[in-house]
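Chemist: Sequence:
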Amino acid sequence: ANNNRLLEVVVHMASNDMYHHSESVAWRRKLLEQQQAHGASEKKAVEVSEHIWIDMDPYSDSYGTPHKSAVRTAQLRSLIHPKIYPVPVGPTRQQNGEEGESRTHVAFPSMEYQLIPHAKRGFMPTPSEEKLKLAEEQEMLRQAESSGALELAQKVVSEYKGDQISNLVSHGNESDAQRGRLIFTGTASAIPCKHRNVSGICLMSGVESGFNSMLLDVGEGTVGQLLRNPSWTNSGADDIATTLNRIKAVWISHPHADHHLGLLRLLHDRKCTFQPNSDNADDRLLVIAPKPIYEFLREYSEIHPAIANTYRLFDSRDLIGNPNCHLIQLLSDSIGITNCRAVQVTHCPFAYAIIIDGTTFGRLVYSGDCRPSQALAREAIGADIVIHEATFEDGMEAEASVKRHCTIGEALSIARQMKAKNTILTHFSQRYPKIPPIPTASDDRPHGSSMTIVFAFDFMSLTPSDCFLASKLTPALRLLFPAEDEKNTDGEDEDISGLQMAKAAMSVPGLFAQKELL
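Offset between the sequence shown (1-based) and my numbering: plus 673.
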């Protein structure tokens, strides 16, 4: 090697075991010794290599985000209520490697090392710092105070603090933390954006079921979102691997990519954290999915054999009409539910909603993507909590019908028909990266209804007693994110011609033969 051109940076893409393997450690030490010897022979300051380690472990804690504005938005929400709107966990950085080694830095998104000019070489400040600078924190606090959001939120919290604000089922003397929770990993439609990921919900059971969980849809990025969520990673497990393997089941509502692409990483990561025994069905992930997902997983297994024998497939139709008792028993044993039913809805072929009884929230309903479904309203009557898609704002009914989605008003109408106690709206168009524009009357309990309404955000974490409080915090969130800031130029916005096409299609007689929706 040319001793006048010393190795300045070494980038390692390796798992934790490989990076800390004795041979790898010995190589780094030998390199350091060579550099020290060269410095001594040249009688000049020793220049040693910087080692950047990209941790390839699937459950590594080095999962940050390159989107500074998204982190800032999450921190702003956290000022409203840090428990319901937690700040995503940033990467853990390890500097100064083992004794006798060169300096080691764990890589994270947007890490930058400047090579030239030589006088400015070194690591550069990045937008993904785990803790924002003091000036930024002060600016966020000023924004929350000047908008009136912080004062309103504090008033709401103090007004309801200590009161029984849950209208859900009672669980005796169990504390709220022992009763499980809902964690939202993605609340957007179609494609991810920096503020909202695509669909994913984690239904975590209570302490009596070991905090095991079931995912309701698993869009791309779901596992990463869970790893960044402190409500999930701090749920009592000794390590992330244990927590990851507490996911016992996955429900996929329909075969669109934004609802199932994250399944591949989930299967791979569970495989890496422990080796499922194919002879023991309890070790494998229960995947309840429409038939097209079967072929998707089969084809992918052929090119990535690592996920073979890591899951048990069940057809969503097994839960229609006369439910599969064996499947329900498996779900009961793993996450403590008492019953589970599917209802076909209008969206695409093989689209289903699910009704789950016996959760920590009582009867829970998840609509998936759909048009308003009278059948779902009938089957889910008396729901304790319904999570319903609300892709479009009111006034866009024509476009919602063409794309077979719901407006906010349509979703709330179905929830009222099933006499739901609590409704959480999700799956918003990327037009609304922060909070959708809705009539003020919908912020609380409209039309004399006792139903509470909550707008979902990524990383939002709800226990049964949080639902009512979260609904009361909506006005504070509206002050924090004014309507004029809501439109998103990076999402799926469509011009006026798109709406005109939708209206034209709706005017064609017989275009939609199913006048009476499911």
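Think of the hints as simulated: they come from the structure by calculation, not from any bench. Backbone N, C-alpha and C fix where the C-beta goes; we use that ideal spot for every residue, glycine too. Just to be clear, a hint being listed does not mean it is correct.
[Said to hold, decoys possible] Here are the simulated EDC-like cross-link-like pairs (lysine to aspartate or glutamate), alpha carbons at most 16 Å apart as the crow flies:
1) K1092 <-> E1052
2) K703 <-> D690
3) K741 <-> E810
[Stated by the list, open to error] Label-pair distances were calculated between CB atoms; the ranges are:
4) E975 <-> H711: 23 to 33 Å
5) E824 <-> Y973: 25 to 35 Å
6) G994 <-> S819: 50 to 60 Å
7) V683 <-> S714: 45 to 55 Å
Chemist: Does each hint fit the structure? Answer for all of them.
Modeler: Results of checking the hints against the structure:
1. K1092 <-> E1052: holds (11 Å)
2. K703 <-> D690: violated (19 Å)
3. K741 <-> E810: Holds, at roughly 13 Å.
4. E975 <-> H711: 23 to 33 Å: violated (50 Å)
5. E824 <-> Y973: 25 to 35 Å: This hint is violated: roughly 51 Å between Cβ atoms.
6. G994 <-> S819: 50 to 60 Å: Cβ of G994 to Cβ of S819: about 56 Å, so the range 50 to 60 Å holds.
7. V683 <-> S714: 45 to 55 Å: At 22 Å between Cβs, range violated.
Hint check: violations occur at hints 2, 4, 5 and 7; the rest are consistent with the structure.
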